[in-house]
Amino acid sequence: MLSGVGNGSRLTHVPAPFPLPIGLRLAQASRTVERAFDAALAEAEGSLPVWLILLNLKVRPPANQRELAAAVGITGATLTHHLNAMDAQGLVQRTRDNANRRVQVVTLTEAGEAAFERLRAAAIAFDARLRAGFTDADLASLDAQLHHLAANAAVLAP
Numbered sequence: 016m017l018s019g020v021g022n023g024s025r026l027t028h029v030p031a032p033f034p035l036p037i038g039l040r041l042a043q044a045s046r047t048v049e050r051a052f053d054a055a056l057a058e059a060e061g062s063l064p065v066w067l068i069l070l071n072l073k074v075r076p077p078a079n080q081r082e083l084a085a086a087v088g089i090t091g092a093t094l095t096h097h098l099n100a101m102d103a104q105g106l107v108q109r110t111r112d113n114a115n116r117r118v119q120v121v122t123l124t125e126a127g128e129a130a131f132e133r134l135r136a137a138a139i140a141f142d143a144r145l146r147a148g149f150t151d152a153d154l155a156s157l158d159a160q161l162h163h164l165a166a167n168a169a170v171l172a173p
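Oh and the sequence shown: position 74 is 89 in this note's numbering, straight run, nothing missing.
Since the hints were derived computationally from the structure, they do not count as laboratory data.
What you are looking at is a predicted structure, and each value in this text was computed from that prediction instead of being measured.
Any given hint could turn out to be false.
[To be verified] With a straight-line Cα cutoff of 25 angstroms, these simulated SDA-like cross-link-like pairs (lysine to any residue) come out:
(1) Lys73 to Leu56
(2) Lys73 to Thr95
(3) Lys73 to Ala85
(4) Lys73 to Val87
(5) Lys73 to Ala57
(6) Lys73 to Val120
(7) Lys73 to Gln108
(8) Lys73 to Leu63
(9) Lys73 to Ala143
The whole structure should be built from the sequences, with the hints applied where relevant.
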């Protein structure tokens, strides 16, 4: 029998569990939230890339596809892949810029506007779900703490 086992005493030779590292907990929470958000957008017949593209086209229309890719945070090739699918679904329209025929201008169609409204409603509802049970002070503190974690991570990055 192990020393300290079975006689009501504590295990003295087993180290106390160490706290879960913040980065690991944050990564786990991030994946959970991301999966749930993806599911909410899928219920509204969308996806995160489609939502980000529609949002950027609606809020601050970029001058060209390169700017749109940068705003969404994806490569030009990945954007082209998504735009091809969105064009096929009738959500966007691509036309050549009259001033520079090499540049394509991307605009929302009527169906794209409807998709934007649908996904916007899903995003707002999801955000409300995440905020449930938090006070304004809690949310302000969380925001500050997340910024602090990001700053710490940036300092540690090679």
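Checking one constraint from the list: CA of Lys73 to CA of Gln108, max 25 angstroms. Satisfied? Given pair Lys73, Gln108 holds - Cα atoms ~13 angstroms apart, limit 25 angstroms.
Are Lys73 and Thr95 close enough, with their CA atoms no more than 25 angstroms apart? It holds: about 18 angstroms lies between the C-alpha atoms, which stays within 25 angstroms.
Can you confirm whether the C-alpha distance between Lys73 and Leu56 stays at or below 25 angstroms? Judged against 25 angstroms, a Cα distance of about 17 angstroms means the pair holds.
Satisfaction of hint between Val120 and Lys73, Cα-Cα up to 25 angstroms: Holds. Lys73 to Val120 sits at ~13 angstroms (cutoff 25 angstroms).
Pair hint Lys73 and Leu63, alpha-carbon separation not exceeding 25 angstroms: Holds - the C-alpha atoms of Leu63 and Lys73 are around 15 angstroms apart, at most 25 angstroms.
Holds or violated: Lys73 and Ala57, Cα atoms, limit 25 angstroms. holds, 20 angstroms
With the threshold set at 25 angstroms, check whether the alpha-carbon distance from Lys73 to Ala143 stays at or below it. holds, 22 angstroms
Hinted pair, alpha-carbon criterion (25 angstroms max): Lys73, Ala85. Please report holds or violated. holds, 15 angstroms
Given the proposed pairing of Lys73 with Val87, does the C-alpha separation stay at or below 25 angstroms? Cα-Cα ~13 angstroms, so holds.
In summary, the structure agrees with every hint in the numbered list given earlier.
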